[in-house]
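Asks: Taken in sequence, the protein lines are chains A and B.
With the working numbering applied, the first sequence corresponds to residues 1 to 183, in that order.
With the working numbering applied, the second sequence corresponds to residues 1001 to 1183, in that order.
Incorrect hints may appear among the rest.
The calculated lysine to any residue pairs, modelled on SDA-like cross-linking and capped at a C-alpha distance of 20 angstroms, are [claimed, not checked]: (1) K160/A to K1157/B; (2) K1168/B to E159/A; (3) K1168/B to D164/A; (4) K1168/B to Q177/A; (5) K1143/B to F64/A; (6) K1007/B to Y1148/B; (7) K1160/B to K143/A; (8) K166/A to L1156/B; (9) K38/A to L9/A; (10) K83/A to Q109/A; (11) K1157/B to V36/A; (12) K143/A to E1147/B.
The following label-pair restraints were derived from C-beta to C-beta distances [said to hold, decoys possible]: (13) E1144/B to F127/A: 31 to 41 angstroms; (14) A69/A to K1168/B: 23 to 33 angstroms; (15) E3/A to D1050/B: 37 to 47 angstroms; (16) M1165/B to D173/A: 13 to 23 angstroms.
Hints are computed from structural coordinates only; laboratory data are not their basis.
From the three backbone atoms N, C-alpha and C, an ideal C-beta is built for every residue, glycine too.
Protein chains: 2
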Amino acid sequence: MEELFSKVLHVTVKYRDSEERKANIRVTIEQSLSPVHKKDLLVRLTDNVDPYFLFNLTISEEDFQSLKAQQGLLIDFATFPQKFIELLNLCYSEQDVDSPRFLLHLSCQSPVPEGSANLTIIETNAFKHLNHLSLRLAHGSDKEVKEYLAVCLSSLKAEKQALDMKLKKTEDDLSRQLSYAQQ
Amino acid sequence: MEELFSKVLHVTVKYRDSEERKANIRVTIEQSLSPVHKKDLLVRLTDNVDPYFLFNLTISEEDFQSLKAQQGLLIDFATFPQKFIELLNLCYSEQDVDSPRFLLHLSCQSPVPEGSANLTIIETNAFKHLNHLSLRLAHGSDKEVKEYLAVCLSSLKAEKQALDMKLKKTEDDLSRQLSYAQQ
């Protein structure tokens, strides 16, 4: 898997029967390097404050052809990742603006993060909302969430260990300087 | 749930068709406080280096009666936790000794940590191995492992945050002392 994109984006999340809420969702796009699933795209949404929040979508070249027909896309599979990332970057660059032109919406069929959800990139102008792209993602199974959490845990452990070492080093350095200065 | 015991113990682990290995396994015993499952005991084994390693056993008063009959125990359910913990503490106190008298064995039916496994507390004397207690634990489901990992992740995040603050405070304190000493 090669990571093409990974950023935390403001997303308006709407679950069935609940109010919309703003969430900071990490959107990750990876591309398969395996010879069998060549160039398959994996889109993943995760939420740092909710360990069980995990939505996935794999887009093969075949899936892309139906997506293209369905949503009237004018590009081919090879250029799709780049255009998709451009749209996400437009959302990213405008997300701290008062009324951003590009917005991300996630609407979930169920009242909690499970089942499937639609991620939509919307351009808002004075006249109407324009849907640039809409993707249907599936919530991760228990097994997928388990594997995702194991990866999170392992990287957090490494970060904590690095911090532990930094603390030790800082204490050593500064007390050495201090005892030198006090002489 | 009230935690009665939680220690990292040396356990000899044997999977089917593989060599025995020594592992540091956290053994946790909790007791239910809910009025429905009153006094149910939950025994849990986890391994800090393997996020997917999770074995559970719930012992209700009824389960205990068959365990008692089967293994010829002479105690009742109310004193079982205390005796069980005494045995674990005997293992714990001897685990850094060259030839400990009390040992913990975990034998798993499958070649990897899954399915069920038997945890046995064994006393070794010159004459024979004596099984003090043998419990059959089930490997956690994907959902249980997922929930366990979410708890690990959340406590690790809190530890990391505390460390971050400690680092900041150490830097501040020592540079203040340093600038004072240098004046």
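Asks: In ascending order, which of the hints set out earlier in this document are inconsistent with the structure?
Replies: Hints 5, 7, 9, 10, 11, 13, 14 and 15 not satisfied by this model.
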